[in-house]
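Student: Chain by chain, the residues:
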Amino acid sequence: MKRHLISAADLTRDDAVLILDTAEEMARVADRPIKKLPTLRGLTVVNLFFEDSTRTRISFEAAAKRLSADVINFSAKGSSVSKGESLKDTALTLEAMGADAVVIRHHASGAPYRLATSGWIDSAVVNAGDGTHEHPTQALLDAFTMRRRLVGRDAGLGKDLNGRRITIVGDVLHSRVARSNVQLLHTLGAQVTVVAPPTLVPIGVESWPCEVSYNLDEVLPKSDAVMMLRVQRERMNAAFFPTEREYSRRYGLDGDRMAKMPEHAIVMHPGPMNRGMEITAEVADSDRCTAVEQVANGVSTRMAVLYLLLGGSEPAVTTTSTPRIEESK
Amino acid sequence: MSKILIRGAKVLGGEAQDVLIDGETIAEVGTGLSAEGAQVVEAAGQVLLPGLVDLHTHLREPGREDSETVLTGTRAAASGGYTAVFAMANTFPVADTAGVVEQVWRLGKESGYCDVQPIGAVTVGLEGKQLAELGAMHDSAARVTVFSDDGKCVDDAVIMRRALEYVKAFGGVVAQHAQEPRLTEGAQMNEGVVSAELGLGGWPAVAEESIIARDVLLAEHVGSRVHICHLSTAGSVEIVRWAKSRGIDVTAEVTPHHLLLTDELVRSYNAVYKVNPPLRTERDVTALREALADGTIDIVATDHAPHPHEDKDCEWAAAAMGMVGLETALSVVQQTMVETGLLDWAGVAERMSFAPARIGGLENHGRPVSAGEPANLTLVDTSYRGVVDPAHFASRSRNTPYEGRELPGRVTHTFLRGRATVVDGTLA
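Read top to bottom, the protein sequences are chains A and B.
Read in order, the letters of the first sequence correspond to residues 593 to 921 in our numbering.
Read in order, the letters of the second sequence correspond to residues 9 to 436 in our numbering.
Any given hint might turn out to be false.
Facing chain A, according to a computed beta carbon distance under 7 Å, are these residues of chain B, among others [what the hints assert, rightly or not]:
hint	residue
1	E199
2	G207
3	E323
The following label-pair restraints were derived from C-beta to C-beta distances [what the hints assert, rightly or not]:
hint	chain 1	residue 1	chain 2	residue 2	range
4	B	R170	A	A873	54 to 64 Å
5	A	D714	B	E371	58 to 68 Å
6	B	H317	A	K814	50 to 60 Å
7	A	D714	B	H317	14 to 24 Å
8	A	M828	B	V395	46 to 56 Å
9	B	V395	A	T685	28 to 38 Å
If you're looking for bench data, these hints aren't it; they were derived computationally from the structure.
The structure displayed is predicted, hence computed values, not measured ones.
Built from N, CA and C at the ideal position, the CB exists for glycine as well.
Start from the sequences and build out the full structure, keeping to the hints where you can.
Tutor: Here you go:
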């Protein structure tokens, strides 16, 4: 049985669809007057954050609380984390406190994998973003959003994203969101294209299950969803691109470019947005942009992940089975 | 000191012969030698090599005695069949003065397990800005002839040029750690398919190759010799091959781990595989083996880099770079070079004893196994097969990438000037 969620690549198509379907059930809870389920009552979820990320942390916190789990927020920021001993010792501390699941955000790629596989702790480990490696729950909530918008809320149940054309634009090199999305979307049958200046595409990208383009305008008309990644302005100091304005001109999404997209196509952004950089306010505030919806969907998706990993003893909402995510590799 | 008769060993892998040691020297090599008055070592089927010489060892003392000391490091060396090691300069304090190199040299003398030849830093504090007192280190009791900022690259072309020129006055050599610093900022592993997936900062091959290309041209220009540390890429091989064909006085080393392991292992995020230069690809491994076989790469050097457990038992980015290697080097070379048919044992002797002693200017090591020579010898049971268990290491550190892996060969005896430092596979 799979006990952890470390990489989107660990999920089979059926695992992923099960998570998305479960997330739909969870989403219905949010429409109720009392937005809470007793499923994880008595279990403890620790949010272990070595990096600032208020959005992701509160999303996991809300998810765990709606499932009635006890939540401990552990911010390791500011404590001495440059030495690995901290991660191990912190893990041992959490273990001693009886954590059932550890949601970890870490600046070092692979830290969640180490946490899950080094024998330091027994709890389930959920990767909430590690360095420039992966952010699998972000990819799941993105897929959830795409399925809802492109296939339909009810029509999408049991379905994947087969044949949908998804374009991911921006700092692919440094993006854990891009890595997880490419893997998961491929698993779900989508055709993925990443678009970036060549400096922001990793050497070795040829092994990824996606196309690579340097030309946004060519790809937009053939996209069902366009995901704009956050691009840090400081990147220009390391010569990844000459200036903010040049980046924006060549790879930013504005109203004119959005008009080249098919009518049904959506614009996505994992947040936080750099308005005026990779996305203009006109696009960000348009009804084709799902950024805010993604945040709401994040809670449902993370509820589904926690529920499936911790194998809630009671039915989630309406189903009678409580399947876990199967070991897939 | 009494006589020792090594009976029936295949000298350099050739015909079985007897080797009689009298005191500190080899008295006789032949067949049917008399054992009278001698302690006999039955060595039928085993291979006798000249004592191994490692041009690239980190003994960590002074400063990081928690990971290794001169004593524990030389015990590890003897266990691995070495009779001499060159101690790298990146200690705390840095071995950039006559005082520090003499300290390391003296500790080596006291250890008694193998000879320790200190390497001096090229620049003060390994900072690449100002030449260290190279002449003073050479004139000291330690007689330093090899200079290296290993761990850091002498990246300033002018400083490198001057160092290459300056050491000519006393027959010194600069051993370059080839790593263009700007191209490797934040580097965590080989840049390629695996780093793209794992999201770890890339250490591109070009960062090594561009420095090697520059340095062989500098060596040619000023008429100096240059040694390249731990060459790790197929492209570096091509550059060194080209330089040698031009008559440039360049020598190069490869580590055992770069002959065997690839960056695929990093997928485990197990920091025991974190090393500098990083593990490369299968294609690089193949090119390195071929280059070692055809002589483009002159020697095997361990880059033995001990680290305490806590510096490896952590997330990848926080972990230290390096692997211990003294106690497994010969086994890895047997597996990757001898058992693949790329090298015979005479070839191993050349690359692990004769040539490193020559490059480093050691007169009493790397000598032929013949009468009158110093009795620095290593006896290897090449038929042995065993699983690496770091708990048995003599090194103070356990950061081996081979734990649990089966490797061939075992050093049964090591003799340092006629005295056994290893007997039946155990430190004497």
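Student: Work down the list of hints and note, for each, if the structure agrees.
Tutor: Checked hints:
| no. | hint | result |
| --- | --- | --- |
| 1 | E199 | holds, 5 Å |
| 2 | G207 | holds, 3 Å |
| 3 | E323 | holds, 4 Å |
| 4 | B:R170 <-> A:A873: 54 to 64 Å | holds, 57 Å |
| 5 | A:D714 <-> B:E371: 58 to 68 Å | holds, 59 Å |
| 6 | B:H317 <-> A:K814: 50 to 60 Å | holds, 53 Å |
| 7 | A:D714 <-> B:H317: 14 to 24 Å | holds, 21 Å |
| 8 | A:M828 <-> B:V395: 46 to 56 Å | holds, 52 Å |
| 9 | B:V395 <-> A:T685: 28 to 38 Å | holds, 35 Å |
Checked against the numbered hints listed earlier, the structure breaks none of them; every hint is satisfied.
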